[in-house]
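Work out the full structure: start from the sequences and follow the hints.
Residue numbers (the working numbering), protein chains in the order written: chain A, 1 to 210; chain V, 211 to 436.
Think of the hints as simulated: they come from the structure by calculation, not from any bench.
Hints should not be assumed to be uniformly reliable.
[To be verified] Stretch-level coverage of chain V by chain A, calculated; a stretch enters the list once three of its residues show a Cβ under 8 Å from a Cβ in chain A:
1) 217-225
2) 228-241
3) 291-301
[What the hints assert, rightly or not] Some chain V residues flagged as far from chain A (calculated, every beta-carbon gap over 10 Å):
4) Leu246
5) Asp260
6) Leu329
7) Phe333
8) Gly335
9) Pro348
10) Leu385
11) Ser417
12) Phe418
13) Ile433
[Said to hold, decoys possible] Straight-line Cα separation of at most 30 Å, DSS-like style, residue types lysine-lysine; simulated pairs:
14) A:Lys81 with A:Lys148
15) V:Lys287 with A:Lys107
16) A:Lys148 with V:Lys213
17) A:Lys165 with A:Lys114
18) A:Lys81 with A:Lys107
19) V:Lys213 with A:Lys55
20) A:Lys60 with A:Lys13
21) A:Lys13 with A:Lys81
22) A:Lys81 with V:Lys213
23) A:Lys107 with V:Lys213
24) A:Lys103 with V:Lys287
25) A:Lys55 with V:Lys287
26) A:Lys81 with V:Lys287
27) A:Lys114 with A:Lys174
28) A:Lys174 with A:Lys55
29) V:Lys287 with A:Lys148
30) V:Lys213 with A:Lys174
31) A:Lys60 with V:Lys213
32) A:Lys103 with V:Lys213
33) A:Lys114 with V:Lys287
Just so it is clear, CB atoms sit at the ideal spot from N, CA and C, and this is done for glycine as well.
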Amino acid sequence: MADLLEIQNLTKKIGFKNILLDVSFAAQSGDFLVVTGPNGAGKTTLLRLIAGLIKRTSGKILWNGSDYGLAHGSLGYISHKSMLYENLSVLENMVFFGRLYEKYSQKRIEELLKRVDLWLYRHEPAGVLSRGMQQRLALARTLAQEPKLVLYDEPFTGLDLDGQKLLRNILAAKRQRSIQILVTHDLNLLSGLEYGNIRLQRGRVVQERG
Amino acid sequence: MGKYLNKVFLIYWKDIRDEVRSFDNLLSTILFGVMLIFIFSFAFQLADLDVEQAFSAILWVSIFFSSVLAIQRSFAKEEENNVLDGLLLGTGDRGSIFLAKFLCNLTILLIFEAVITPLLWIFIGASGVKASLGLLVPALFLGSWGLAAIGTMLNGMTVQLPAARLLFPILLFPLMVPVLVAVIQCTAAAFAAPGESVAAWLYFLASFDLLFVIVPLLLFDYILEG
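In structure tokens form, the structure reads like this:
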């Protein structure tokens, strides 16, 4: 059965300032939405609200019809910050987060680390890896969760050309099974991929193209 | 409930392993505590006070100042690279993060006290004085519980602020005053003549400790969001 994400009149205020105002859209499994807009448009806030990392002021986020119905661990979030423990090794990070998200599998971890070219570095602390390698590790950690909904916040930051190609392949491959929402400033990085575009400006949706 | 506790234990165990691995953190806290009790003991010898009067005050002032060093690092690793977001996505409930951090801080404080309490005992020449361990051990445990609970809550509140290292001890002290008063009374009673009751202080301490675990568990969602 296809999963359905519905965002209804989502609003986030900080003090008297509207960060997001009445944002509504829907997506189902297989959809790939790209959120664009100028700095301060509310793109990251939108992703953080959907992820449940911050609280909404009003509106609804429905997963298959129920509010916050998405099980934790089924939601993948890739930010421009790696969300990794720098003092833990590559493997320890994968094991720790795998267990925390209740999706731990040694075989899957090995497979994913090989896929992102980090198997040889598995015993190195994440803190000594380059920015791009940390982003690859963050990708592997998120894929290990087998998320039904994946949120990407400027995921290309720090990736070299090979890393960008790898991410595009992942975006194309994940498309069959998940809902993907990606925030970026640079649509050129998504060339060759089919996507719907939501454009935000000052917290409002100004353009929606399926 | 089982899953919740599993996640609490997972974060707790990771933090404990971290502390053991980067032993310098725990070592610096212990060294600071040892220096404090050495200085206090030296001053105490010059002032010629009774051991019974001085022991609990020196012990808890040393524990308090050293614990600031230990506890204010609780969320430091989560602050780097937004790891806190990763934890929140996995646990779903911010209270479990508080519980894990609180238990880790409590463990560190108890290890710290296991080292410095006997040292203070030796430094101030209390070897000839009788003390009731039945009172001293619960007092140490309850005092550490309060310190760890309040400290973890405040660290969660201040970690994202620019002046966190300055704010944390300033906010910690006023909140800790009731715990310090009660625990110093209980510790001092361990050296007093039998029959002197501190039951009221112990109940107060236990209630205070419970309050400062329940309140953050309920409010940590708001505390962490800032």
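The hints, checked one at a time:
1. 217-225: holds (count 4)
2. 228-241: holds (count 3)
3. 291-301: holds (count 10)
4. Leu246: holds (28 Å)
5. Asp260: holds (46 Å)
6. Leu329: With a cut-off of 10 Å, V:Leu329 remains clear of chain A, as the shortest Cβ separation is near 30 Å.
7. Phe333: holds (35 Å)
8. Gly335: holds (42 Å)
9. Pro348: The claim stands: V:Pro348 keeps its Cβ more than 10 Å from every Cβ of chain A (closest is about 34 Å).
10. Leu385: holds (26 Å)
11. Ser417: Holds, because the least Cβ-Cβ distance between V:Ser417 and chain A comes to about 31 Å, which exceeds 10 Å.
12. Phe418: holds (29 Å)
13. Ile433: The claim holds: V:Ile433 sits with its nearest Cβ about 12 Å from chain A, beyond 10 Å.
14. A:Lys81 with A:Lys148: holds (21 Å)
15. V:Lys287 with A:Lys107: holds (28 Å)
16. A:Lys148 with V:Lys213: holds (20 Å)
17. A:Lys165 with A:Lys114: Holds, at about 16 Å.
18. A:Lys81 with A:Lys107: Holds: A:Lys81 and A:Lys107 sit about 26 Å apart, inside 30 Å.
19. V:Lys213 with A:Lys55: holds (24 Å)
20. A:Lys60 with A:Lys13: Satisfied, since the Cα-Cα distance of roughly 15 Å is no more than 30 Å.
21. A:Lys13 with A:Lys81: holds (24 Å)
22. A:Lys81 with V:Lys213: holds (28 Å)
23. A:Lys107 with V:Lys213: holds (23 Å)
24. A:Lys103 with V:Lys287: holds (23 Å)
25. A:Lys55 with V:Lys287: holds (24 Å)
26. A:Lys81 with V:Lys287: holds (14 Å)
27. A:Lys114 with A:Lys174: holds (18 Å)
28. A:Lys174 with A:Lys55: holds (28 Å)
29. V:Lys287 with A:Lys148: Holds - the C-alpha atoms of A:Lys148 and V:Lys287 are around 28 Å apart, at most 30 Å.
30. V:Lys213 with A:Lys174: holds (28 Å)
31. A:Lys60 with V:Lys213: Holds - the C-alpha atoms of V:Lys213 and A:Lys60 are around 27 Å apart, at most 30 Å.
32. A:Lys103 with V:Lys213: holds (13 Å)
33. A:Lys114 with V:Lys287: holds (27 Å)
Consistency note: the structure conflicts with none of the earlier hints.
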